[in-house]
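K.L.:
Each chain is listed here by its residues.
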Amino acid sequence: MRAFGYTVARDPAEAVRLAAHTPGSTFVAGGTDLLNLMRDGAEAHDHLIDVNRLDLGRITVAAGSLRIGGAARMRRVAEHPGVRREFPMLTEALLASASPQVRVMASIGGNLLQRTRCGYFRDAASPCNKRVRGSGCPAITGQNRGHAILGGSEHCVATHPSDLAVALTALDATVHLLGPGGARAVPIGGFYLLPGSTPDRETVMRPGELITRVDVPRTALAGRSRYLKLRDRATFEFAVVSVAAALRTRGGVVRDVRLAFGGVGTRPWRDTRVEAALRGRPLTRQAIDEAGGLLVGDAKPYEGNGFKVELVQRALASVLGELGGLR
Amino acid sequence: MSGLVGQGVARVDGRAKVTGTARYAADHEVPGVLHGALVMSTIARGEVLRIDGGAALARPGVVAVYTHADLPRLRLPDFPYNRRFVPMQDTRVFHQGQPVAYVVAETLEQAQEAAGLVRVRYRAEEPVARMADALGEAFLPDDFRERPNEISRGDAAAALEQAEVRVDRTYSSPMQHHNPIEPHTTTAVWEDGTLTLYESTQGVVLARNVVEFAFGLAPGSVRVVSPYLGGGFGAKGPTYPHTLLTAAAARLCGRPVKLVLSRAQMYTSNGHRAEYRHHLRLGATRQGALTAIASTSTAQVTRADENIYNGGDSTLRLYACPNVHVRQLGVRLDLPTSSYMRSPETTAHFGIETALDELSHELGIDPVELRMRNHAEADQQTDPPRPYPDKRLLECYRAAAEAFGWARRDPRPGTTRDGDEYVGWGMATETHTYNVIPSQARLTIGPDGRATLRAATQEIGTGTYTVLTQVVAEGLGLPLGHVTTLLGDTAYPAASLSAGSATMPSVAGPAAEAARRAREAVIALAVADARSPLHGVPAEEVVTLDGRLFARGDRDRADTYRDVMTRHGGPVEVTGSRANTAGHSFGAVFLEVRVQPRLGRVRVTRVVTAHDLGRVLNRRTARGQVIGGVTWGIGFALMEHTMVDPNTARVVNPNLSAYLVPVCADVPSVEALFVDRPEADAELNGIRGFGETPGTGVPAAIGNAIHHATGRRLRDVPFTRDKLL
Chain F
1 MRAFGYTVAR
11 DPAEAVRLAA
21 HTPGSTFVAG
31 GTDLLNLMRD
41 GAEAHDHLID
51 VNRLDLGRIT
61 VAAGSLRIGG
71 AARMRRVAEH
81 PGVRREFPML
91 TEALLASASP
101 QVRVMASIGG
111 NLLQRTRCGY
121 FRDAASPCNK
131 RVRGSGCPAI
141 TGQNRGHAIL
151 GGSEHCVATH
161 PSDLAVALTA
171 LDATVHLLGP
181 GGARAVPIGG
191 FYLLPGSTPD
201 RETVMRPGEL
211 ITRVDVPRTA
221 LAGRSRYLKL
231 RDRATFEFAV
241 VSVAAALRTR
251 GGVVRDVRLA
261 FGGVGTRPWR
271 DTRVEAALRG
281 RPLTRQAIDE
291 AGGLLVGDAK
301 PYEGNGFKVE
311 LVQRALASVL
321 GELGGLR
Chain E
1 MSGLVGQGVA
11 RVDGRAKVTG
21 TARYAADHEV
31 PGVLHGALVM
41 STIARGEVLR
51 IDGGAALARP
61 GVVAVYTHAD
71 LPRLRLPDFP
81 YNRRFVPMQD
91 TRVFHQGQPV
101 AYVVAETLEQ
111 AQEAAGLVRV
121 RYRAEEPVAR
131 MADALGEAFL
141 PDDFRERPNE
151 ISRGDAAAAL
161 EQAEVRVDRT
171 YSSPMQHHNP
181 IEPHTTTAVW
191 EDGTLTLYES
201 TQGVVLARNV
211 VEFAFGLAPG
221 SVRVVSPYLG
231 GGFGAKGPTY
241 PHTLLTAAAA
251 RLCGRPVKLV
261 LSRAQMYTSN
271 GHRAEYRHHL
281 RLGATRQGAL
291 TAIASTSTAQ
301 VTRADENIYN
311 GGDSTLRLYA
321 CPNVHVRQLG
331 VRLDLPTSSY
341 MRSPETTAHF
351 GIETALDELS
361 HELGIDPVEL
371 RMRNHAEADQ
381 QTDPPRPYPD
391 KRLLECYRAA
401 AEAFGWARRD
411 PRPGTTRDGD
421 EYVGWGMATE
431 THTYNVIPSQ
441 ARLTIGPDGR
451 ATLRAATQEI
461 GTGTYTVLTQ
471 VVAEGLGLPL
481 GHVTTLLGDT
491 AYPAASLSAG
501 SATMPSVAGP
511 AAEAARRARE
521 AVIALAVADA
531 RSPLHGVPAE
541 EVVTLDGRLF
551 ARGDRDRADT
561 YRDVMTRHGG
571 PVEVTGSRAN
581 TAGHSFGAVF
591 LEVRVQPRLG
601 RVRVTRVVTA
611 HDLGRVLNRR
621 TARGQVIGGV
631 TWGIGFALME
641 HTMVDPNTAR
651 VVNPNLSAYL
661 VPVCADVPSV
671 EALFVDRPEA
681 DAELNGIRGF
691 GETPGTGVPA
701 AIGNAIHHAT
711 GRRLRDVPFT
721 RDKLL
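Protein chains in written order, with the working numbering: chain F, 1 to 327; chain E, 1 to 725.
Keep in mind the hints are simulated off the structure, nothing from the lab.
Quick caveat: nothing in here was measured; it's all calculated off a predicted structure.
Treat the hints with caution; some may be incorrect.
Stated by the list, open to error - Okay, the calculated beta carbon distance ranges per label pair:
| no. | chain 1 | residue 1 | chain 2 | residue 2 | range |
| --- | --- | --- | --- | --- | --- |
| 1 | F | L35 | E | D420 | 39 to 45 Å |
| 2 | F | A62 | E | R713 | 55 to 61 Å |
| 3 | F | A3 | E | R601 | 43 to 49 Å |
| 4 | F | G41 | E | K17 | 41 to 47 Å |
Here a beta-carbon is modelled for each residue, glycine too, at the ideal position from N, C-alpha and C.
Next up, chain F with everything else stripped away, as it sits in the complex (with noise of 0.2 Å):
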């Protein structure tokens, strides 16, 4: 790690400015993986800006939307009465996620915009095509249980590590930033990149912009949903595979689902002609199998993570299972 310089941004508007003006900055929050990343030697910043003084931490529960802000911890979000109310399967994606001591001290910003958990990405002496474009992936010739099946190109098959934003792409979230050229939201579903030749470039967010919140709409789907975490050690570890489901059937009938799947995909991922083929229809095991069969069409296993294919099936029909009262 080589020095940095480091300033505390007092509102937004000033952490933007600051962003703009200081070349080779970026803004630090709970610093839980920015500052692993940078000790690796994965990242390299000359400027950090801290957010962690904007009033950029409260949790809502507004007329349409759950708001959460960017710098909200995840822990306080996680224990939020409304949020364990109306949406478990944030409560369960982020109580899933990390350790106590982590979850009380990320961000909800910084949890969505975490870097890729493949081991050569963070390492700074092996080739990576998302640090260094151009350099080559060891992955897809390499280790690669932890990699993707979906969505990968011959430039990078990492996945993206957060549980919270998968739940968020099966709520169909909002991300709210704040930067140079002013506030936009983007739709979650549009805010992840696929690799392609670029994995460099994971999100759609532009130099110094800022997440300063992230709405969800408030449905009474959402309040019949569960995240399912598949991992290789009880706590503390990351997702092998994970499925965020929210169902609502009536007498044993589909009105509406949202699946969206971790471990599985380069960014969270969600495929709407699954959920189209189960809308409507009776939830059956061959229903269930049938929907698992086409989130796989396109499944591009390697040596290393094949089992996912099977594996992520195998969960779909679990928690459909479970929130359909299958037995």
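Start from chain F and add chain E according to the hints.
P.N.:
Positioned in the frame of chain F, the structure of chain E alone reads:
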């Protein structure tokens, strides 16, 4: 006797550790110290062509960038230096993460930043990174530490041929790393040709010997200080290159230098458990008597050395079997040298204990019964077989089975369901071959009547300070608080390496001996002193208890250690040394798993152990070893796995985020039973080593329980969910 030995005395150093006043090696503040940072190779095989330290040297605070061109020529030490080369002596590169340059700067941050600026050019050759790619080149390595890699008794091939029942299977385990929470660290201070090292090492004496040899220094020129360790697990048993390089750098720059390895550097600097494939063939009668064991193991070695550290004792001598053939092969890979890692026999033990379960299933004989039928009363590798002294493994099986409720087990796999989980019960024998190292301990009774024990052994986290303090307090008849134990300094009498479970069997006896002799010396002072109420009492009639000395028949004729020593006006000092012999300790582990096969989830939900460890010295620290061992076993079985890139031979998960070890939620409560013998020799003769015994059977017991739960037999650890789908 105050009966302290055996009690679950709380750690005497516990408060210092939890409040941060215990000073670990890197906590030592040396005036004027510089900070070192290693530049590590980024190829696995080849040579260094050019090193450009210009940009690094230009940074503020950077004192030097040393390369192989600068370092003094060092002699290549023998074991326990376990690499056949010293880095930075020439341009050769044997593995990724080998030191190629050593940066010294005024601050840690300056040194680390500068290390990142050193440019190294290489000539690289293609490495061999995976054992699977080189199995055709497996070979029988030379003897290692006087142990051959091929051992045979009877005629295993013929016996297999004639066997009524056979099991023929291959088991495997991956490369694993020790991951002590305290990183390796060295601070080197030269003064007038002598060197002091503040080191995190499991053996101050051996570290001193290695460094003196490497630098060609006269014996006694080096002092190694290591009062506490934040774990070692074998990673700090041998002495490693970073210690030699730091001493060399400190000498070159004429100032003390401190080096702390990063977590990532620990994955290439201090050994690991070798990847291991184990082809086992068992022959048995229909009644379950083993007639043949043919074991061929293959472990990774390197292009530079060929030592096998995962011994096959469990296949060789754990069960009575007349025909045994053990071959330990090696495959050369371009990876760092492996080493001993907590319970090195676990790899071979996993195979034999799983194969026995397969045999029991084949024969329809209960796995406990099968083990009892093959119980070894004597060590079959000695001629004639020497009976194991007072072995109580059979009692362990019975005690643990009873506590677990094993009799209720339905042997048919897949018969017990609870919700969406299948419940399985499995068991395995546990054993470890412990070492004994000649040791001394010096005991001083001061004029204040308090005692201080000094020994150059170590506290690696297991409770050495506490147990030795108990031994001395009981031996003298002093309150625990009047005894201080000092460890981890070569200024003290030479004592055991803290490895091979050797500390207690090596040092408890000398400490007890010193206490006995010091007690006798103090009694002699009292009874010879006209001012003592004990004047004239026969020495053998004097009882010591709680700091007091009194006549056996007349408690009113009493003195105290403090008064005797105050009148004496000087210290009493004695040195204890007593030989013990290496041996084996045994036990059994029974456990329950719950398996959700559709999602591949395995949980260990209940564990009962029983161990025969001779005399329990401290019930609490012994139980700590059982909990730790079970935790290690769960990690071995379910998650631990060092991943190496097949093309570059670079470790891909060199951190505690990606290299998984169990968290609390992975480990159920453990019921630890001891087949104890408190009546054993009060002088603590024949104390057994124990630390590494628990855990050896856990991986097989988990696999056996998974089989019982589901009917699926897994033979390759870790049993991750993909293998259960």
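K.L.:
Are the hints correct? Go through all of them and say.
P.N.:
Do the hints match the structure? See the list:
no. : hint                          : in the structure
1   : L35(F) to D420(E): 39 to 45 Å : holds, 41 Å
2   : A62(F) to R713(E): 55 to 61 Å : holds, 56 Å
3   : A3(F) to R601(E): 43 to 49 Å  : holds, 46 Å
4   : G41(F) to K17(E): 41 to 47 Å  : violated, 33 Å
Of the numbered hints listed earlier, the single one contradicted by the structure is hint 4.
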